[in-house]
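Student: These are the residues of each chain, in order.
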Amino acid sequence: MKRFSWFNATSLTLGFAFLYLPMIILIVYSFNASKLVTVWAGFSTRWYGELLRDEAFLDAAWVTLQVAVASSTIATVLGTMAAHVMVRAGRFWGRTLFSGMIYAPLVMPEVITGLSLLLLFINIGLDRGILTIILAHTTFSMCYVSVVVSSRLVSFDRSLEEAALDLGCSPFEAFRLVTLPIILPAVISGWLLAFTLSLDDLVIASFTAGPSATTLPIKIFSSIRLGVSPEINALSTILIAIVAAGVITASLVSKRAAVRQAAEEREAVRAPA
Amino acid sequence: MRRFALIAMPYAWLLALFLIPFLIVLKIALSDYALSIPPYTPTFDLSQGWQGVRDFFAALDFENFVFLTTDDLYWKAYLSSVWIAAVSTFLALLVGYPIAYGMARAAPEWRPTLLMLVILPFWTSFLIRVYSWIGILSGEGYLNQFLMGLGLIDAPLTILNTNIAVYIGIVYTYLPFMILPIYATLEKMDDSLLEAAEDLGCSRISAFWLVTVPLSKTGIIAGCFLVFIPAIGEFVIPSLLGGSETLMIGKVLWEEFFNNRDWPVASAVATVLLLILVIPIVLFQRNEQKQREAEG
Numbered sequence: 001m002k003r004f005s006w007f008n009a010t011s012l013t014l015g016f017a018f019l020y021l022p023m024i025i026l027i028v029y030s031f032n033a034s035k036l037v038t039v040w041a042g043f044s045t046r047w048y049g050e051l052l053r054d055e056a057f058l059d060a061a062w063v064t065l066q067v068a069v070a071s072s073t074i075a076t077v078l079g080t081m082a083a084h085v086m087v088r089a090g091r092f093w094g095r096t097l098f099s100g101m102i103y104a105p106l107v108m109p110e111v112i113t114g115l116s117l118l119l120l121f122i123n124i125g126l127d128r129g130i131l132t133i134i135l136a137h138t139t140f141s142m143c144y145v146s147v148v149v150s151s152r153l154v155s156f157d158r159s160l161e162e163a164a165l166d167l168g169c170s171p172f173e174a175f176r177l178v179t180l181p182i183i184l185p186a187v188i189s190g191w192l193l194a195f196t197l198s199l200d201d202l203v204i205a206s207f208t209a210g211p212s213a214t215t216l217p218i219k220i221f222s223s224i225r226l227g228v229s230p231e232i233n234a235l236s237t238i239l240i241a242i243v244a245a246g247v248i249t250a251s252l253v254s255k256r257a258a259v260r261q262a263a264e265e266r267e268a269v270r271a272p273a
Numbered sequence: 001m002r003r004f005a006l007i008a009m010p011y012a013w014l015l016a017l018f019l020i021p022f023l024i025v026l027k028i029a030l031s032d033y034a035l036s037i038p039p040y041t042p043t044f045d046l047s048q049g050w051q052g053v054r055d056f057f058a059a060l061d062f063e064n065f066v067f068l069t070t071d072d073l074y075w076k077a078y079l080s081s082v083w084i085a086a087v088s089t090f091l092a093l094l095v096g097y098p099i100a101y102g103m104a105r106a107a108p109e110w111r112p113t114l115l116m117l118v119i120l121p122f123w124t125s126f127l128i129r130v131y132s133w134i135g136i137l138s139g140e141g142y143l144n145q146f147l148m149g150l151g152l153i154d155a156p157l158t159i160l161n162t163n164i165a166v167y168i169g170i171v172y173t174y175l176p177f178m179i180l181p182i183y184a185t186l187e188k189m190d191d192s193l194l195e196a197a198e199d200l201g202c203s204r205i206s207a208f209w210l211v212t213v214p215l216s217k218t219g220i221i222a223g224c225f226l227v228f229i230p231a232i233g234e235f236v237i238p239s240l241l242g243g244s245e246t247l248m249i250g251k252v253l254w255e256e257f258f259n260n261r262d263w264p265v266a267s268a269v270a271t272v273l274l275l276i277l278v279i280p281i282v283l284f285q286r287n288e289q290k291q292r293e294a295e296g
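As given, the protein sequences belong to chains A and B, one line each in that order. Residue numbers for the first sequence follow the UniProt record's numbering, beginning at 1 and rising by one. Residue numbers for the second sequence follow the UniProt record's numbering, beginning at 1 and rising by one.
Calculated directly from the structure, the hints in this document are not laboratory data. Note that the Cβ used here is the ideal one computed from N, Cα and C, for glycine as well. Possibly wrong hints are sitting among the right ones.
[To be verified] Chain B side only, calculated, beta carbon under 10 Å to chain A, not exhaustive:
1. GLU140
2. GLN145
3. ASP191
4. LEU253
Produce the complete structure using the sequences and hints provided.
Tutor: Next comes the structure, spelled out in structure tokens:
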């Protein structure tokens, strides 16, 4: 018997108020007509209009999107491979080093990751731009993907794969036809995680971006250093809306998938009888 | 052969883009500052053959690390980073534990929704979440307007650009990392243990301290490390919410690199920061290991 007391209710209310009020205030004030951000002067969508006419912001958004799509896709492929290696490959030379390199970027301060990658790019003479940001983002997000995917692979029933191999599948076919569909939800959430990490990253992008490529976080950072601006409030609202829509859709989809899978499993159990 | 390719691809990627860059940082930390491009010396000169390699190694030294100990700025920045991270972690625990506790006691059908509400801010841009506090905490910000409107204060409080704002920023952005592991341990807890404690004469409050808290210990430890470790090297929060008094090593490294363009010192700062981080990371992994063993 769980007793949900008034204390629990209060702490949940206050806790969620703390988590959400700052963002709600931000969203409300993005519709403020006044240039002075903290003084309410009536409802207006003026700042959204200004934002959409601001070439610099649009360019930065386009660069950010390209980087995020490219880096999260490569990271998902490499991260899934790495997860497979970690869970399935058994012993091989340098395994400890390999798992160390998977986990280390997760705890490495961003300033160090950024600095080290920048020094590498300078040493090999690679011009900084979109490509270098993609390489940098892929490197840290593949580690996150591999952690997400390997947690799913660990609980995966291996006999399914062995059955496919016995029935004449090649290892790659067994992976594509049996393993991948089952771990797909983890792979997709790995991709989403990599995508948001890339969208969000300021520090590593600042080190690895050259003057030719500015990402949205870099642009936001340089303008909020000068103080709060209504345009940034509008931009934040758009980004929050996109993320909220994405997360809610993803959770609805995964709920439906879970329901369907449960139904299929019930069918499968009933079928042989 | 296929197995080799599977291992080799991610392995090679990580070697090239994680390990080698890190070795370059180490190497530059041992080099000297120079007015050239790149702004350090020595550089590898393979045209001189073996002699070039020997000269290269002979020119490396620990001068930058000695410099870090002689200049007050650096060791103060390391200490103050650890201190700010520790205070923020403690505050995050105070704020996060009651939330995790409330979630674990909520009706089971509510829990997935509550969990999603905790995770949702984590998916929202970190930069925007930090930014949202600038408008709240500034001199003419919403908090001061609110408090002055209520008549609680006469003059605006100065919070933005102080360490208090940094604490608030760290607690706010890292709170999900504190809540989730604590919630995970609390949710698994067997409630009959509490009933047993009460049957044996414990008050509800002492049952909480004697049963609930010890049983959630691994969650508390995990949550604390998950906040403490990234907070030490934090850059965005001190540079947006902190002021001139806020000394954090992430910010020092950034300024050393971008403003002073002293790459060797920036690299040495990074190396020492990593050495400092090794201790909490090892302790954290030991805690995780213990938890896994306990779960069998």
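Student: What are the numbers of the hints that this structure violates, sorted from low to high?
Tutor: none
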